[in-house]
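Novice: If you read the sequence shown in numbering that gives the first Met the number 0, its first letter stands for residue 0, the second for the next number, and so on.
In short, the hints are calculated from the structure, not lab data.
The reader is advised that the hints may include incorrect statements.
Stated by the list, open to error - Within a straight-line C-alpha distance of at most 25 Å, the following computed SDA-like cross-link-like pairs (lysine to any residue) qualify:
(1) Lys29 <-> Arg47
(2) Lys29 <-> Ile72
(3) Lys76 <-> Glu33
(4) Lys106 <-> Ile72
(5) Lys45 <-> Glu33
(6) Lys45 <-> Ile72
(7) Lys10 <-> Pro84
(8) Lys45 <-> Glu3
(9) Lys106 <-> Pro71
(10) Lys45 <-> Leu92
(11) Lys45 <-> Glu78
(12) Lys10 <-> Asp41
(13) Lys45 <-> Tyr67
(14) Lys10 <-> Arg89
(15) Lys45 <-> Phe7
(16) Lys45 <-> Pro71
(17) Lys106 <-> Met81
(18) Lys76 <-> Phe11
(19) Lys39 <-> Glu78
(20) Lys39 <-> Pro71
(21) Lys106 <-> Pro84
(22) Lys29 <-> Tyr67
(23) Lys10 <-> Tyr62
(24) Lys10 <-> Met56
(25) Lys29 <-> Pro71
(26) Lys76 <-> Tyr88
(27) Lys45 <-> Ser98
(28) Lys45 <-> Ser34
(29) Lys76 <-> Ala50
(30) Lys39 <-> Ile72
(31) Lys10 <-> Tyr67
(32) Lys45 <-> Trp28
(33) Lys10 <-> Pro85
(34) Lys10 <-> Ile72
(35) Lys45 <-> Met56
(36) Lys76 <-> Leu92
(37) Lys29 <-> Met81
(38) Lys106 <-> Gln83
(39) Lys76 <-> Val55
(40) Lys76 <-> Ser43
No experiment lies behind these values; they were computed from the predicted model shown.
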Amino acid sequence: MNCESFAFSSKFGYLNCCRSVFSSSNVIWKIDLESLEWFKLDNSLKSRIYAHNMAVMADSILYVFGLYFDVPICAYKLERFMVQPPAIYRLCLETLARSQSERNLTKSVPVSILDELNINKTN
């Protein structure tokens, strides 16, 4: 069972740990990989999660998945929260990807962006 879990983005590392496999912590720490300074995140897990794993997506969203235990309930739980605002470029890509008028996009958006969104019809 995992007593600690690490996840990394391009500039930060995130850590959630406990004293033993039979304890848990809802506190998440962040380390700046350039300055090596540690910070306690303002956001914390809503519940204590055991045997957990973490992942950072697009440098902005932290996912924590693990076992939630509160007698008599034992279940897996997934929590997510923003650790930094997404880049404007990322938000634009998500908006374009959800667009209903995909045909119109292919005429006005550069090919490199269409390739990144996987909607380039010329290939």
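Novice: Hint numbers the structure violates, sorted upward?
Specialist: Per hint list: 2, 3, 4, 5, 9, 10, 17, 20, 21, 25, 26, 27, 28, 30, 31, 34, 36, 38 violated.
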